[in-house]
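Chemist: First to last, the sequence lines map onto chains A and B.
At position 125 of the first sequence (counting the first as 1) the number is 130 in the numbering used here, and the numbers step up by one without a gap.
At position 152 of the second sequence (counting the first as 1) the number is 932 in the numbering used here, and the numbers step up by one without a gap.
Hints should not be assumed to be uniformly reliable.
To be verified - Cross-link-like lysine to aspartate or glutamate pairs, in silico, EDC-like; alpha carbons within 20 Å at most:
id : chain 1 : residue 1 : chain 2 : residue 2
1  : B       : 969       : A       : 70
2  : B       : 853       : A       : 13
3  : B       : 853       : A       : 149
4  : A       : 57        : B       : 861
5  : B       : 942       : A       : 99
6  : B       : 942       : A       : 27
7  : A       : 79        : B       : 810
8  : B       : 966       : A       : 13
9  : A       : 79        : B       : 812
10 : A       : 79        : B       : 976
11 : B       : 969       : A       : 17
Claimed, not checked - What the simulated footprint calls covered on chain A by chain B, stretch by stretch (three residues with Cβ under 8 Å from a Cβ of chain B suffice, anywhere in the stretch; the number is not a length):
id : region
12 : 16-30
13 : 64-77
14 : 213-221
It is worth saying that the hints were derived from the structure and are not from the lab.
Quick reminder that beta carbons are idealized off the backbone N, C-alpha and C, glycines included.
Each chain, written out:
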Amino acid sequence: MNCESTQDQLADYMSGQLPEPEHSELVAHLAGCTSCRAELEAVQRVWRTLGKATTPEPSPNLRPEFYAMLADFKSTLAPEPKYSPKGLWRWLRELQIPQPALRLAYSLALLLVGAVGGYWLNNQPKTTPADQQQLATLAAQVGEMRQVMLLTLIDNPSATERLRAVSYTKELDGAADAKVINALLSTLNHDDNVNVRLATLEALAPLAADPTVRLGLVHALAQQESPLVQSALADVMVQLQEHRSLPQLRALLKQANLDGTVKSKIEESIQTLSTGRPAAPATTPQRHDQTHVFPRAERPALAV
Amino acid sequence: MSTAEYSNNPFIGLDSLTDNALMLRVKAGDVDRMGLLFERHHRALLGFLYHMLGGSRAASEDLVQNVFYRMLKYRHTYSADGEFRTWMYHLARNVLADHVKKNRHAAYHTDVANVADYLGGGHLADEGLEQAQDVLVLHQALARLSPENREVLVLSRFQEMKYGEIAQVLDTTEGAVRVRAHRALKELKTIYLRIEN
């Protein structure tokens, strides 16, 4: 046994962890080797000093502090219901979520909030009764204003303004009162612009459910001189199946200066009306106005 | 741990359960049983932390609390086939590492004020200041060892652990612990003699 291996075993020797054959060998070597004995002495001194360095008494606070901590810990366990916000928060805090996942979750949460918010707003009751009443009042006021505008504009010297006035009839939503109808019929009969008259006829046709309008239209036949308006009126008569217009139409035929096409058109109309055959629905009456003032391409289907 | 240390412990005799059995009960939700484990182990744990920290009682006691708190908090990680003491020192080493990380500049610094701990403790009062001086020098020497070497010495000398158990605590082999113990003792001796002269 050499000195190097001996010194490697000193720690084991001192801590009593050297197994038996080595232990005896070491003791034997130490007996004959002064340098190893000196080394052992030095190491032993350190080892003994280590042994002297006792652990201090725990301070009197240590035990109470431990039991306070234990009680505190217990209180976080026991009374908590399964799903408390506090518990959920703690669970979330303790969850080890990687940053990108956290960000993704946050974005998704925001998206969800947006979607839910939007859905909720969309599904809210449209208006409260008070709002609805207010709206109705406002609509009525706007209607009245349009009526006033119509009545004012219809006497305007400019044909364009008069056309505009006639176009308001549609926006009155059938709520035209007698004053408006009179104004329109008078325009139909006396306006000196063919386009305005045609537009007025187009505006009045949907209102034909009103007997005043119907009668006004029948009487208008005799007043018209423009072939365009004449044939348009004849069309309307056929559409309305208005038999009362037959004498008027026949009277019109007797006029000396009647346009050729209008003449045949009126004859056709008279025949349709007297045979009682309903006007073919497929042949929608063509537009008679030369300008395209109205955005609507077709006449509304007539109710009668 | 000697039985003499249990003499003033009111729990001894009341409960003959092993550490392992107690810890399993804690794991199952009976956290009060941690009290008995505290009574059995807090002194040894305090000693380990105290010597590892270079002799600061206040800091060591804080860490003792910390270790017991972690044992409660991570009780579900305790496995039935493990040794309780090994597990406890595992956690203690983690707590220690966290503490050192947090107080990098102050780590392992032996404070002269700590001499008061020895003298005030009553142990060494009769043996005089010289002995306290010795121990202070020793702590300074210990502080200069690498933490790995220091913990092998502290565990074997103060906790009286055999190499096999130390190997379990450190997650290494018994042979590696033996080699480390030799090196640590040699190094400590050299440093100690240098400081002393």
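Chemist: Of all the hints given earlier, name the ones this structure violates by number, lowest first.
Modeler: 1, 2, 3, 4, 5, 10 and 14
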